Every structure is written in structure tokens, then in C-alpha cells.
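Hey, can you work out the whole structure from these sequences and the hints?
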Amino acid sequence: MSLLAEVTGSIGSIGYGLAAIGPGVGIGIIFGQGVQAIARQPEAYGVIRQNMILGFALAEALALIGFVAPFVFGV
Amino acid sequence: MSADVVVASGGLDCHLLSGCGFPAPGAEIFMFDEIASFTIGNLEFGITKVTVLLFLCVFLILGFFIYAFRSPKLVPRGAQNVGEMGYLFIRDGISRDIIGKDGDRFVPYLMSFFFLVWLSNFMGIVPFAQIPVTSIFAIPVAFALIVYVTWVPLGVYKQGFGGYFKGMLFPPGVPKAMYVLLTPLEFLSNLIVRPATHAIRLFANMFAGHLLIATFSIAAFYLLSASVIGILGSAASFTVAVALTGFEALIQFLQAYIFTLLTAVYISGALHQEH
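Same order as they appear, the protein sequences are chains A and B.
Each step along the first sequence adds one to the number in our numbering, with nothing skipped, and position 31 is 31.
Each step along the second sequence adds one to the number in our numbering, with nothing skipped, and position 158 is 158.
Think of the hints as simulated: they come from the structure by calculation, not from any bench.
Since this is a predicted model, take the numbers as computed values, not measurements.
Every residue gets a Cβ at the ideal spot worked out from N, C-alpha and C, and that includes glycine.
Be a bit skeptical, because a hint or two may be false.
[Unchecked claim] Derived coverage of chain A by chain B (criterion: at least 3 residues anywhere in the stretch with Cβ under 8 Å from a Cβ of chain B; other residues may be distant):
#, segment
1, 29-38
2, 59-73
[Stated by the list, open to error] From chain A, some residues computed to sit far from chain B (all C-beta separations above 12 Å):
#, residue
3, Ser10
4, Gly15
5, Gln41
6, Pro42
7, Leu54
[What the hints assert, rightly or not] For each label pair, taking beta carbons as the anchor points, the in silico distance ranges come out as:
#, chain 1, residue 1, chain 2, residue 2, range
8, A, Ser2, B, Thr150, 38 to 44 Å
9, A, Phe73, B, Phe128, 32 to 38 Å
10, A, Ser10, B, Ala235, 22 to 28 Å
11, A, Phe73, B, Glu84, 27 to 33 Å
12, B, Thr245, A, Ser2, 22 to 28 Å
13, A, Gly22, B, Ser18, 38 to 44 Å
If you want it as C-alpha cells, here you go:
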């Protein structure tokens, strides 16, 4: 089989870059909307912050799995 | 970063102009030599720096709270004040908000987790310790497993085996045909992915943070050479390493908070039927 194109070098870092797109967008939305919600209703700060951090943790896990995967599966 | 890390990843002679490439740190900076080892039955136990730090964390927390509450006064002073602040932070900030009034029984449980996770994370920026205990995967796995074997039996005990798993796997208010798709997904997300991400989130955060600090510290050492660009680059790397240490202190607290928050969410789901 003849290769048309090949990528060599640190492919894991490219993979992590791709894996970080989705969580990056997600975390941006979570905190953006969270700050907006706090601005609209400052008295609900405690509840909003808690749910914001919860959502942030769930979205962030994806990026972190992407970070760890190259170490687990090797180069 | 500690000297053994620098030596482990390139040696002291490795600088910018000496012809060797950047010795980027990898997973090997999380592996420590055994200090001692012993065998009980067929099980081999290797004691490393991380084990020592973990026990240090446990004894520090035990010691502090026993000292703080040794003879509790109605009007708290000194250490008791700090201990009560920690207690109220967990009770009012996490337990009452998420679980409700009947969660007060779980406050000691949540509090143990919060302070143990926080202090083990904090070991990452303590001079000479300089390894977050939770960045060794076995330790967050053990924490998450303890949480897992708490909330699953708790749910079965509170809601009955059938009721609990029916509520979890067959959420009400959904068309019957959807259960074909929904039930396997709910099973996967509640019973398998949930404990896995609970452990991985804590581990990966600490792992990534430690690796970042190590990378910039080694870069500061590596770039240091007798040239303008070397000195400027080294100073910049060192500054970033210091800034990242401050950032890590924030992340360490946040991750301990998130770990405890999620524990409370899981316990709350086991105590009350989901609506």
C-alpha cells in the first residue's frame, strides 16, 4: 500500500488539541450563561455557582480524558 | 521542581546550547523508588514517597480535628473556630444545598473526603513533597470506589432493590419505546461511567497540573545558558512556573470541592427518588 500522506512526530498533542475543542466550547457556554444568570438574579448566586461548577466538572472531564489517553495508549 | 526530576529527565549538563534536545518530562516523573517493602501473605507492599505523604495527610487531618474539637466550647476559640468553619462550609455549602436536611448525617463523611482530597492535592505545591498524592491513579480510584460502594447500597437500602434500579434505569415520563435506547445508556452512565469519571477527573487534573509545572521548571533550567535569549527564556519560564503554582493551588481546592460536591449529588440521588 502506498502512502499519500503521513503525519509523524508528536501526534498525541494534535489529538489533545482536537479533544479540547468540544469541552472548551462547553465550558465557555457554562460560565458565560452562569455569569449572565448571576447578573440577572444576584440573590440566586449560591445555587447558580454550584450548578455552574457541577456542569464545568462534567464538561472538563472530557478534555482531561483526552489529555490522559496518549499516556495510557502510548505513542 | 525537585532536583531528582531534573536529573531524571536529562541531567544537569543538558542546556540549550550544549546540543541536547529539550528533555520533556513524561509519566516517569510520577514513578518513585521504593523506600521499603514488606510482604503479608501473598501481597507485596512497596512503600514509596507517595505512600508516606498519604499517611502524613491522614495523620495531619486526624491530628488537627482531634486537637480542634478536644474540648469543644460553646464560644469557639482558636483551632476550634477553624474546624467549625470547615464543618459549616461542608454542611451549609454542600450538604444542605444538595442533599437537604437529612444529609446532615453524611457531613462527617463528606468532610473527611473534602479535607483528605484537598490536602493530598495540596502536597503538589509543598516544598520537598512536590507530588500531588492524588496524581497516582490508584489513590483517586480508591476514593471513588469508597464513594461507589456507599451510594449504591444506600439507594438499595432506602428505596428497595426494585424501586431503586427501576427509578434509575427506567426514568418515568418517557414513551415506552424509548426504553430500548434509554435503559442501556442509563445503566452505562450511572453505574460505569459515573465512578470512572469521578476518579479520572481528580487524577487527570492533578496529573496535568503537576506535568505543567514540571515542564516549565525544567524549561527554566534547560534554557539557562550564557546567552541573552537563554537568560530571558529561562526567566520567562520560571515566572510561568511560579504563576502556574498559584493557579494549581486554586485548581487543587476546586477539585476537592468538585469531588465532594459530586459525592453529595450521588448520595442525594440514592436517598431521594429522582423526579
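Hint by hint, here is what the structure shows:
Only residues whose beta carbon comes within less than 8 Å of a beta carbon in chain B count, and the segment 29-38 of chain A has 0; fewer than three means the coverage is violated. For the segment 59-73 of chain A, the stated coverage by chain B holds: 7 residues have a C-beta nearer than 8 Å to a C-beta of that chain, and at least 3 were required. Not every C-beta of chain B lies more than 12 Å from that of Ser10 (chain A), the closest at about 9 Å, which undercuts listing it as non-interface. No Cβ of chain B comes within 12 Å of the Cβ of Gly15 (chain A); the nearest lies about 15 Å off, and the non-interface call holds.
For Gln41 (chain A), the non-interface assignment is confirmed: its Cβ lies about 16 Å from the closest Cβ of chain B, beyond the 12 Å cut-off. Every beta carbon of chain B lies more than 12 Å from that of Pro42 (chain A), the smallest distance being close to 17 Å; the non-interface claim holds. The claim that Leu54 (chain A) is not at the interface with chain B is violated, since a C-beta of that chain comes within 12 Å of its own (minimum 6 Å). Ser2 (chain A) and Thr150 (chain B) have their C-beta atoms about 57 Å apart, which leaves the hinted 38 to 44 Å range violated.
Under the hint 32 to 38 Å, the C-beta atoms of Phe73 (chain A) and Phe128 (chain B), about 33 Å apart, fit the expected range. Range check, Ser10 (chain A) to Ala235 (chain B): about 26 Å between beta-carbon atoms, so the 22 to 28 Å window is met. Checked against the hint of 27 to 33 Å, the C-beta distance between Phe73 (chain A) and Glu84 (chain B) comes to roughly 47 Å, which is inconsistent with it. Between Thr245 (chain B) and Ser2 (chain A) the Cβ separation comes to about 50 Å, which falls outside the hinted range of 22 to 28 Å.
At roughly 41 Å, the beta-carbon separation of Gly22 (chain A) and Ser18 (chain B) lies within the given 38 to 44 Å, and the hint holds.
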